[in-house]
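Trainee: One-letter residues, chain by chain:
There are 2 protein chains.
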Amino acid sequence: MSLAEWQKIEVRADRSYPVFLGAPLQELGEYLHSQMDDVEHILIITHHSVADLYFDRLMEGLQDYRVNLFKIPAGEEGKSLERLSQLTTSALRYGADRKTLVIALGGGVIGDLAGFFASVFMRGIRLIQVPTTLLAQVDSSIGGKVAVNHPAGKNILGSFYPPQAVWTDFTTLESLPWGEVENGLAESIKHAIIADSDLFEFFEKQEQSIKQRDPSVWREMVARSSAVKVRIVSQDEREQGVRALLNLGHSFGHALETEMNYRGVTHGQGVSIGLLAAAYLANAKGFITLDEVDRVKHLLITFGLPTVIKGQDSQALLQGMKTDKKNQGGRKILILPKGIGQAVVSKECTDPEILAAWDQVISSDDEVES
Amino acid sequence: MSLAEWQKIEVRADRSYPVFLGAPLQELGEYLHSQMDDVEHILIITHHSVADLYFDRLMEGLQDYRVNLFKIPAGEEGKSLERLSQLTTSALRYGADRKTLVIALGGGVIGDLAGFFASVFMRGIRLIQVPTTLLAQVDSSIGGKVAVNHPAGKNILGSFYPPQAVWTDFTTLESLPWGEVENGLAESIKHAIIADSDLFEFFEKQEQSIKQRDPSVWREMVARSSAVKVRIVSQDEREQGVRALLNLGHSFGHALETEMNYRGVTHGQGVSIGLLAAAYLANAKGFITLDEVDRVKHLLITFGLPTVIKGQDSQALLQGMKTDKKNQGGRKILILPKGIGQAVVSKECTDPEILAAWDQVISSDDEVES
Numbered sequence: 019m020s021l022a023e024w025q026k027i028e029v030r031a032d033r034s035y036p037v038f039l040g041a042p043l044q045e046l047g048e049y050l051h052s053q054m055d056d057v058e059h060i061l062i063i064t065h066h067s068v069a070d071l072y073f074d075r076l077m078e079g080l081q082d083y084r085v086n087l088f089k090i091p092a093g094e095e096g097k098s099l100e101r102l103s104q105l106t107t108s109a110l111r112y113g114a115d116r117k118t119l120v121i122a123l124g125g126g127v128i129g130d131l132a133g134f135f136a137s138v139f140m141r142g143i144r145l146i147q148v149p150t151t152l153l154a155q156v157d158s159s160i161g162g163k164v165a166v167n168h169p170a171g172k173n174i175l176g177s178f179y180p181p182q183a184v185w186t187d188f189t190t191l192e193s194l195p196w197g198e199v200e201n202g203l204a205e206s207i208k209h210a211i212i213a214d215s216d217l218f219e220f221f222e223k224q225e226q227s228i229k230q231r232d233p234s235v236w237r238e239m240v241a242r243s244s245a246v247k248v249r250i251v252s253q254d255e256r257e258q259g260v261r262a263l264l265n266l267g268h269s270f271g272h273a274l275e276t277e278m279n280y281r282g283v284t285h286g287q288g289v290s291i292g293l294l295a296a297a298y299l300a301n302a303k304g305f306i307t308l309d310e311v312d313r314v315k316h317l318l319i320t321f322g323l324p325t326v327i328k329g330q331d332s333q334a335l336l337q338g339m340k341t342d343k344k345n346q347g348g349r350k351i352l353i354l355p356k357g358i359g360q361a362v363v364s365k366e367c368t369d370p371e372i373l374a375a376w377d378q379v380i381s382s383d384d385e386v387e388s
Numbered sequence: 019m020s021l022a023e024w025q026k027i028e029v030r031a032d033r034s035y036p037v038f039l040g041a042p043l044q045e046l047g048e049y050l051h052s053q054m055d056d057v058e059h060i061l062i063i064t065h066h067s068v069a070d071l072y073f074d075r076l077m078e079g080l081q082d083y084r085v086n087l088f089k090i091p092a093g094e095e096g097k098s099l100e101r102l103s104q105l106t107t108s109a110l111r112y113g114a115d116r117k118t119l120v121i122a123l124g125g126g127v128i129g130d131l132a133g134f135f136a137s138v139f140m141r142g143i144r145l146i147q148v149p150t151t152l153l154a155q156v157d158s159s160i161g162g163k164v165a166v167n168h169p170a171g172k173n174i175l176g177s178f179y180p181p182q183a184v185w186t187d188f189t190t191l192e193s194l195p196w197g198e199v200e201n202g203l204a205e206s207i208k209h210a211i212i213a214d215s216d217l218f219e220f221f222e223k224q225e226q227s228i229k230q231r232d233p234s235v236w237r238e239m240v241a242r243s244s245a246v247k248v249r250i251v252s253q254d255e256r257e258q259g260v261r262a263l264l265n266l267g268h269s270f271g272h273a274l275e276t277e278m279n280y281r282g283v284t285h286g287q288g289v290s291i292g293l294l295a296a297a298y299l300a301n302a303k304g305f306i307t308l309d310e311v312d313r314v315k316h317l318l319i320t321f322g323l324p325t326v327i328k329g330q331d332s333q334a335l336l337q338g339m340k341t342d343k344k345n346q347g348g349r350k351i352l353i354l355p356k357g358i359g360q361a362v363v364s365k366e367c368t369d370p371e372i373l374a375a376w377d378q379v380i381s382s383d384d385e386v387e388s
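Chains as they are written, first to last, in the numbering used here: chain S, 19 to 388; chain Z, 19 to 388.
Covered stretches of chain Z (in silico footprint by chain S; criterion: 3 or more residues with CB under 8 Å from a CB of chain S, positions within the stretch not fixed): (1) 104 to 117; (2) 168 to 180.
Partial list, computed: chain Z residues near chain S (C-beta under 8 Å): (3) Glu58; (4) Leu99; (5) Val138; (6) Phe139; (7) Met140; (8) Arg141; (9) Gly142; (10) Ala165; (11) Thr341; (12) Lys343; (13) Asn345; (14) Gln346; (15) Gly347; (16) Gly348.
Everything labelled a hint here was simulated from the structure, so no lab data went into it.
By construction, the Cβ of each residue, glycine as well, lies at the ideal position given by its N, Cα and C atoms.
Same shape as in the complex, but just chain S (with noise of 0.2 Å):
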């Protein structure tokens, strides 16, 4: 396959940046070689179940450089202060410098620690994310925010740190698990919801070939997904304005995920929660009707997204939204849908408001799950 056979959307920003859709990850070190004639050393960052799929084949590209390989286990636990410590130890032993290009292989929480060390190694070292999970592909790996988390909060110590390129190969979403392509589609019902109603309806039509993986179905979800992603940090890349709405349903589900210490539950389980939750308080302040926050609720439960959790405090996850980083002046910021396919900030929300809001989504543990 020829470059001119991929799809390629282009991400306008301060520095704009490739996002190639169905590129070969045996054909990125030819792109490399075309690109950037001074790179001489590679740091690959991945996970260790990610490099025993993929790493042949990304290195039949890149025979030419330098390679090293640094495996972090698999979770959130992997996006910290003291992982990136060891990765500076181990970059540094491996020679690396400020002409070192980083690659990104994996998923989220691997383009958010290999970003995040780009970003400040050396004040800044070159970054291609290579996206192999449907989240990553479809959200996290463009627009260039990069973070680790910290015991106080999820991603509260990052940049914006846009990379090269984004190479994504669509063949690595074969044989990815269930648990993960959930991530993936509560991000992209998430890009749907706030600003692409078609894309919506996509989705309610392709239901079942969604479940049964139809790659060439999948391809253009891929894609139109992405493609709302492009456009929405094309329009703002430092969240000024616009760029806030792709946090739809992410204040509830990081409260969550904190609460919870990221155990039992997945960032996508606490993003569909929290999608749920906003649908919820937008139906409460008029934004929304109860149709449309069934057609969502729909839509998670048909591709296995939790629409309720158990036993949990609402007092004490209103509480876990104080260290939002949207948060202003000790205010809540909240994303909130506007109907299908619209989302709108507020400021407006009222602790009592979101309590209820949380409170619809909560099962008591004698309850039966729907």
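On the provided structure of chain S, position chain Z as indicated by the hints.
Mentor: Relative to chain S, chain Z alone:
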């Protein structure tokens, strides 16, 4: 004193910002009121001793803000990932958010730590540099370089993060211990060597007045030396070219500081040794005469800066230069003076030449120091 009476130099970069020279601490608040109408919360990061001296004066203008103070002990060990983590915990406990303004009140370590924190906290919040040492005023507060140390190397993790403004009150220099003055003089002399032969002659002519801390001579020294830094970083904010010259003496100096674990050697002493080692190396390369090397040496000695070190191993120091951030593909990149008032980047220095330069600034333990 009104705003108009202070000297103001503009750093012209991606985002331009003013450097105010001779601006009273107690008037910063008035400036903030006039420039940033959405600041409610201020986090001042400083040393214990600096807070004792200047916090009250600074607070005179900050009565309308919610202000928190984060104090760290003196020394390079303050610039660590661990400290960054503590700072993050405290900032969140204080209710810091994206609108919080960070004020770095102190010397180079404070500017680096507070600046790096501001650059990554919630992906970047606003920063004002209030340098209180000579080194910070003439050098480190200008140009946006911020970083923390890592056991594997100095300033290895950092950013380019321009402040909103640099606020320089000359009166903070009056009580500065001479050891601190030396740190600033080493950098000022470096500025003169690489870019301003008139400034170098000013140092030679005003030796006595500088040693006696004549206020008007000091003001001129700070203003002229700051102006060199402003001029260079305005040409090349991201160190793609001419800014690299500011590293004169620092590849040697950092190696020495790292080798000695930042104990028993100040930054200024490291730079002083480094300036002279670089001068010897430049002489061996034919870039500078022995007379000029002697002029450099004489000036350093006059101000109490060291020109020899005892009991160091040149091989170990050479080894320590391997992790210098300027290096590329394993090649050492060094800055060398070219006469006085100019400097060049050299990729052509061999390890034996570098060793010879080290040997010229190392004395064995039983030699008498000059």
